[in-house]
Amino acid sequence: DTGVSQDPRHKITKRGQNVTFRCDPISEHNRLYWYRQTLGQGPEFLTYFQNEAQLEKSRLLSDRFSAERPKGSFSTLEIQRTEQGDSAMYLCASSFDGSGAYEQYFGPGTRLTVT
Amino acid sequence: DAKTTQPPSMDCAEGRAANLPCNHSTISGNEYVYWYRQIHSQGPQYIIHGLKNNETNEMASLIITEDRKSSTLILPHATLRDTAVYYCIVRVAGGGNKLTFGTGTQLKVEL
Chain L
1 DTGVSQDPRH
11 KITKRGQNVT
21 FRCDPISEHN
31 RLYWYRQTLG
41 QGPEFLTYFQ
51 NEAQLEKSRL
61 LSDRFSAERP
71 KGSFSTLEIQ
81 RTEQGDSAMY
91 LCASSFDGSG
101 AYEQYFGPGT
111 RLTVT
Chain H
116 DAKTTQPPSM
126 DCAEGRAANL
136 PCNHSTISGN
146 EYVYWYRQIH
156 SQGPQYIIHG
166 LKNNETNEMA
176 SLIITEDRKS
186 STLILPHATL
196 RDTAVYYCIV
206 RVAGGGNKLT
216 FGTGTQLKVE
226 L
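Each protein sequence line maps, in turn, to chains L and H.
Counting with my numbering, you get residues 1 to 115 for the letters of the first sequence.
Counting with my numbering, you get residues 116 to 226 for the letters of the second sequence.
Extracted from the complex, chain H is given alone in its bound form (with noise of 0.2 Å):
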């Protein structure tokens, strides 16, 4: 699976959008990007994930580059509950699929 790259750290003001970026150069073809949180001592959430095209869902958006080398995580008007730990993966469909966490983006989202 791809390698991703994000920011250890993001700030975003309560019912501003939160825009996360995640650099994945190597991602290949058939590799969709997944989206996962997760909130202080509880087990990861999915979010979102798509493969070339634009996704919402009402949780978030998710925009991915035209040459799929990075894409960015929306989430429209945060609030403190979005406060976690956020991580880009990058994986092939299909298979065992486990997911490889990287360290994610601490999101604070503050009054």
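In isolation and in its complexed conformation, chain L is listed as follows (with noise of 0.2 Å):
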């Protein structure tokens, strides 16, 4: 499968502990998107790399969240001091960066609860 890949696919952690998540993109696709999504609601934009460089970082994410591709590869979101309104789906996506318009392909996602 050359799709784009995530992990855990499942996280329950307890309130005030940090938590990582992995992302694995698409091999040839040099952008990378977070998005989190909460019940009944439609994904929303976190972050975005092209490359290593982050490029763009959403209002809603806030200081307790950190996202890096150190290679521009893989890409890892980290969430420190995890609160309860935490708790969401977290969706990773990669595109090319070619002419035109270029679609956006996403991971099943990592399902964070924090209690």
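Hints are supplied without guarantee of correctness; some may be wrong.
[Stated by the list, open to error] Going by beta-carbon spacing under 8 Å, a handful of chain L positions derived as facing chain H:
no.	residue
1	Pro-8
2	Gln-41
3	Gly-42
4	Pro-43
5	Phe-45
6	Phe-74
7	Glu-78
8	Leu-91
9	Phe-96
10	Glu-103
11	Gln-104
12	Tyr-105
13	Phe-106
14	Gly-107
15	Pro-108
Everything labelled a hint here was simulated from the structure, so no lab data went into it.
The beta carbon of each residue, even a glycine, is placed where N, CA and C say it ideally should be.
From these two lone chains plus the hints, build me the complex, please.
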């Protein structure tokens, strides 16, 4: 399977703990995106990378959240001091920065539950 | 990016065409119309996109009105596996290209 993969698929953590999620994009894609989705809502943009550079961050990305893409390949999203409001599905997507309109391909997501 | 309006839900009989409407009356000349769908507990899946002309691929057809203020996604022969939330998104090509999702249309395909 050469699609976008995410790990873990599910994470249950206690409030105040730190968690880290990993995303492996499609290999030739140089753009990588993180989204968050709560129940009954569409995904909301968090941040995106072009290669290793983080080019945009949403206001949703508080200072407890940090994302990295150190070698322009996989990415990690860390949440420090988790809160119950962080419970959501965290989605990763990738795309190729070519000419014209280019679609994003999503991974299966990581479902986070903060107890 | 322009705002879109979609009906919250629709039903369709299996084997029939599903026609999902989307209004985007404030669309700009350089904005594309994208459609994604999300089957329960999965990540969104790209379906199709277009700028001005109608488009067709193996999954669906996209009909964009001449004034580009609305569009229709057509699933020609809906199956139970097409039950999903369908999102219509308008965005500019180039730049960051983040997707701004609304709440979409829940399509339920029934026997």
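Right, here's what the structure says about each hint:
Because the closest C-beta pair between Pro-8 of chain L and chain H is about 15 Å apart, greater than 8 Å, the hint is violated. Against a cut-off of 8 Å between C-beta atoms, the interface hint on Gln-41 of chain L holds, since the closest Cβ of chain H lies about 7 Å away. Using the Cβ-Cβ criterion of 8 Å, the hint placing Gly-42 of chain L at the interface with chain H is satisfied: the shortest such distance is roughly 3 Å. A least Cβ separation of about 5 Å between Pro-43 of chain L and chain H falls short of the 8 Å threshold, and the interface hint therefore holds.
Because the beta carbon of Phe-45 of chain L sits about 4 Å from the nearest beta carbon in chain H, less than 8 Å, this interface hint is met. Among the interface hints, the one on Phe-74 of chain L is violated; its C-beta lies about 16 Å from the nearest C-beta in chain H, farther than the 8 Å criterion. Using the Cβ-Cβ criterion of 8 Å, the hint placing Glu-78 of chain L at the interface with chain H is not satisfied: the shortest such distance is roughly 20 Å. Checking Leu-91 of chain L against chain H: minimum C-beta separation of about 5 Å stays under 8 Å; hint holds.
Interface restraint check for Phe-96 of chain L: the shortest CB-CB distance to chain H comes to about 11 Å, outside 8 Å, so the restraint is violated. Below 8 Å, beta-carbon pairs count as interface contacts, and Glu-103 of chain L has one with chain H at about 4 Å; its hint therefore holds. Interface hint status for Gln-104 of chain L: upheld, as the beta-carbon distance to the closest one in chain H is roughly 6 Å, under 8 Å. Because the beta carbon of Tyr-105 of chain L sits about 6 Å from the nearest beta carbon in chain H, less than 8 Å, this interface hint is met.
Because the closest C-beta pair between Phe-106 of chain L and chain H is about 3 Å apart, less than 8 Å, the hint holds. Because the smallest distance between the Cβ of Gly-107 of chain L and any Cβ of chain H comes to about 5 Å, under 8 Å, the interface hint for this residue holds. Against a cut-off of 8 Å between C-beta atoms, the interface hint on Pro-108 of chain L holds, since the closest Cβ of chain H lies about 5 Å away.
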